[in-house]
Amino acid sequence: MPVQTSGIVVENKCIQPHYFLLNIHCPAIATKIQPGQFIMLKISEENSPLLRRPFSVYRSHPNRQVTKGNSRNFFILYKKVGKGTQKMTEFKEGQRLDMIGPLGNGFTLPPLPSSQNIFLIGGGVGIASLFPIAERLTSSAASSPAFQGGIKKRRSGSTLSKLQPSGGRVEGLTSSRVQVFIGAKTQNDLICVEDFRKLNLNSFVATEDGSLGFKGTVVDLFLYESMKFSRKGLNYVYSCGPFEMLKELAKVLRSDRFLCQVSLEARMACGFGACWGCVVKTRDTKTPYQRVCKEGPVFNLKNIIWE
Amino acid sequence: MARFIQKPDLSVKIGSMTLKNPVIAASGTFGFGEEFEDFFDISLLGAIITKGISLKPMAGNPPPRIFETEGGIINSIGLQNPGFQDFIKDKLPYYKKIKSHLIVNFFGNTPKEYIELARRLDGILGISGLEMNISCPNVKKEGIIFGTDPQMAYHLVKKVRKSTKLPLIVKLSPNVTDIASLAKSAEEGGADAVSLVNTFKAMAINIHSKKPELGNVIGGLSGPAIKPIALRMVWEVNQTVKIPIIGMGGIMKVEDAIEFILAGASAIQIGTANLVNPRIGLEVIQGINKYLIQNKIERIQILIGALR
Numbered sequence: 001m002p003v004q005t006s007g008i009v010v011e012n013k014c015i016q017p018h019y020f021l022l023n024i025h026c027p028a029i030a031t032k033i034q035p036g037q038f039i040m041l042k043i044s045e046e047n048s049p050l051l052r053r054p055f056s057v058y059r060s061h062p063n064r065q066v067t068k069g070n071s072r073n074f075f076i077l078y079k080k081v082g083k084g085t086q087k088m089t090e091f092k093e094g095q096r097l098d099m100i101g102p103l104g105n106g107f108t109l110p111p112l113p114s115s116q117n118i119f120l121i122g123g124g125v126g127i128a129s130l131f132p133i134a135e136r137l138t139s140s141a142a143s144s145p146a147f148q149g150g151i152k153k154r155r156s157g158s159t160l161s162k163l164q165p166s167g168g169r170v171e172g173l174t175s176s177r178v179q180v181f182i183g184a185k186t187q188n189d190l191i192c193v194e195d196f197r198k199l200n201l202n203s204f205v206a207t208e209d210g211s212l213g214f215k216g217t218v219v220d221l222f223l224y225e226s227m228k229f230s231r232k233g234l235n236y237v238y239s240c241g242p243f244e245m246l247k248e249l250a251k252v253l254r255s256d257r258f259l260c261q262v263s264l265e266a267r268m269a270c271g272f273g274a275c276w277g278c279v280v281k282t283r284d285t286k287t288p289y290q291r292v293c294k295e296g297p298v299f300n301l302k303n304i305i306w307e
Numbered sequence: 001m002a003r004f005i006q007k008p009d010l011s012v013k014i015g016s017m018t019l020k021n022p023v024i025a026a027s028g029t030f031g032f033g034e035e036f037e038d039f040f041d042i043s044l045l046g047a048i049i050t051k052g053i054s055l056k057p058m059a060g061n062p063p064p065r066i067f068e069t070e071g072g073i074i075n076s077i078g079l080q081n082p083g084f085q086d087f088i089k090d091k092l093p094y095y096k097k098i099k100s101h102l103i104v105n106f107f108g109n110t111p112k113e114y115i116e117l118a119r120r121l122d123g124i125l126g127i128s129g130l131e132m133n134i135s136c137p138n139v140k141k142e143g144i145i146f147g148t149d150p151q152m153a154y155h156l157v158k159k160v161r162k163s164t165k166l167p168l169i170v171k172l173s174p175n176v177t178d179i180a181s182l183a184k185s186a187e188e189g190g191a192d193a194v195s196l197v198n199t200f201k202a203m204a205i206n207i208h209s210k211k212p213e214l215g216n217v218i219g220g221l222s223g224p225a226i227k228p229i230a231l232r233m234v235w236e237v238n239q240t241v242k243i244p245i246i247g248m249g250g251i252m253k254v255e256d257a258i259e260f261i262l263a264g265a266s267a268i269q270i271g272t273a274n275l276v277n278p279r280i281g282l283e284v285i286q287g288i289n290k291y292l293i294q295n296k297i298e299r300i301q302i303l304i305g306a307l308r
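Residue numbers (the numbering used here), protein chains in the order written: chain H, 1 to 307; chain S, 1 to 308.
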């Protein structure tokens, strides 16, 4: 159930040119929000911008015993692109923000125990919304450079079953089965690379200009690298990125062995299902246009009509 | 001696409906009600208007459907709705639990469809009134013609009037030269009230792709940007008709609502603001109450059209 509430800015800092990390203290949302869910944030008390802006959560600590402050916070990783995000860079520590969340349907983690390959494929700032999946899939998470002084190292040895009470027994989902693919236009737009490495996950990097890693799109890179991994059984793919990237991904993941969940971005007005402004065309025969904010933002890749 | 007003009377009459307060959730911005139950008790509203309903389901327009402009939103949802049958089956049961008036917004592609829908909606338990949309700019069919031609509007309203005993509100388009003449046509056709204004036809262009920002090219502009024009139109219509006016257009806060009431609106609708602040309806009700107490006004009716 979403709530309209206020959060307090704990920190708002530039982590690399154009990219910012916003740490918000908001127990009502932080303790509930799941990977892939989002919040609607009011950026200005005035009417400019008029509408709230959607942000998926980059990092939070739900389903966890709350001891000290940190698990009541969540993080948004955003890129300064327009008027709204420009104003966000001016958020000051202690400032109160009006927000609604958690919203939408998040990612569904693979059934456990799992011996399947799991691929996380992110393009641009989209990779940030896949990080919470990686956190859930790995048993421990070290603090990343982005969080110096922010989050204490989690206790090691916690397993997925502790995070997911209903998840059943876990036979140790090893991180070697989780592969992360991160793509960006240039080296300067690559984010979160270190975060995934800190989780000891195999990470592959692509830049369109070739300034770092594989030269090409992240989908090309995925195609190239995924050949190396076992193709037996099911492969779980989680992806987030620009529409064109996901459209390309849909072309290469036609096989039934790939179960792919994608988190879509869309222009939204309300974020909670009232206006029907953020729809995407799906294969649903009764209601082809479904709401990204309500039925999504996470969809089965194969249910989307990419046009 | 001025008396201390503790509990001002906020009730207003629209046709045979008595609303406990003049704040109404506008069609298309309040989903099917349930989207708002996480945020406040929607039974507190004076009335709730459904998303527009057509005889047959409508898929709506291709995305993108929303574009934000300075102080406004252009939308081209395209009247996506589940159609009459599924509305009654899937959506009405929820509304029946709400202790507020339910007004069903409806539209047709032909006069026949309008009449048919009005007839079928008549007498359904749980529906307090109808709002007839003759003005949505998002359908390319004949809908817009009814809303811009006084003669056609008169004949259509008259036929629909005969098809239902429910209170009938006619929602007017601002995309006309003289909105007062349209309001007059609706009144003469037998409408119990007019609601105005719907959105202003608008568009936006992306100069990098050189494409329109909306999938449908054209949409309807709403939000604070349109408020001064909407207010002027309510004032003009108030000079012309005797039936109640329901005012709307960019109401974002209680002060805006009171302006519309002073200009002649018996009730007001909140639209775009619901999308930004889902609790705005409640806040405006509380704000009106406070305004009446502070200004020692016993009944809101005294305020309607009280512009000096």
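It is possible that part of the hints are untrue.
As a list, the in silico BS3-like pairs of lysine-lysine whose alpha-carbon atoms are at most 27 Å apart [what the hints assert, rightly or not]:
hint, chain 1, residue 1, chain 2, residue 2
1, H, Lys-251, H, Lys-198
2, S, Lys-296, H, Lys-286
3, H, Lys-286, H, Lys-80
4, S, Lys-201, H, Lys-281
5, H, Lys-251, S, Lys-56
6, S, Lys-89, H, Lys-294
7, S, Lys-253, S, Lys-211
8, S, Lys-56, S, Lys-162
9, S, Lys-253, S, Lys-296
10, S, Lys-99, H, Lys-42
11, H, Lys-247, S, Lys-89
12, S, Lys-290, H, Lys-286
13, S, Lys-112, S, Lys-97
14, S, Lys-211, H, Lys-185
If you are wondering where the hints come from, they were derived from the structure by calculation, not from laboratory data.
Cross-check of the supplied hints:
A threshold of 27 Å between alpha carbons decides the hint, and for Lys-251 (chain H) with Lys-198 (chain H) the separation of about 31 Å lies outside it, so the pair is violated. Among the hinted pairs, Lys-296 (chain S) with Lys-286 (chain H) is inconsistent with the structure: their alpha-carbon atoms are about 54 Å apart, more than 27 Å. As the CA atoms of Lys-286 (chain H) and Lys-80 (chain H) are separated by approximately 38 Å, the hinted pair breaks the 27 Å bound. Between Lys-201 (chain S) and Lys-281 (chain H) the alpha-carbon distance is near 25 Å, which keeps this suggested pair within the 27 Å criterion.
Under the criterion of a C-alpha separation no larger than 27 Å, the hint pairing Lys-251 (chain H) with Lys-56 (chain S) is inconsistent with the structure, at around 34 Å. Of the pairs offered as hints, the one joining Lys-89 (chain S) and Lys-294 (chain H) holds, with about 21 Å between alpha carbons and a cut-off of 27 Å not exceeded. At most 27 Å may separate the alpha-carbon atoms for a hinted pair to count; Lys-253 (chain S) and Lys-211 (chain S) exceed this at roughly 34 Å. Of the supplied pair hints, the one linking Lys-56 (chain S) and Lys-162 (chain S) holds, its CA atoms being roughly 22 Å apart against a limit of 27 Å.
A threshold of 27 Å between alpha carbons decides the hint, and for Lys-253 (chain S) with Lys-296 (chain S) the separation of about 21 Å falls inside it, so the pair holds. The hinted pair formed by Lys-99 (chain S) and Lys-42 (chain H) fails the criterion: a straight-line CA distance of about 30 Å is larger than 27 Å. A threshold of 27 Å between alpha carbons decides the hint, and for Lys-247 (chain H) with Lys-89 (chain S) the separation of about 36 Å lies outside it, so the pair is violated. Only pairs whose Cα atoms come within 27 Å are accepted, and Lys-290 (chain S) paired with Lys-286 (chain H) is rejected, the gap being roughly 46 Å.
Pair hint Lys-112 (chain S) plus Lys-97 (chain S) does not hold up; C-alpha atoms about 32 Å apart against a cutoff of 27 Å. Between Lys-211 (chain S) and Lys-185 (chain H), the direct Cα distance comes to roughly 23 Å. Compliance with the 27 Å bound is thereby established for this hinted pair.
When the structure is compared with the earlier hints, violations turn up for hints 1, 2, 3, 5, 7, 10, 11, 12 and 13 and for no others.
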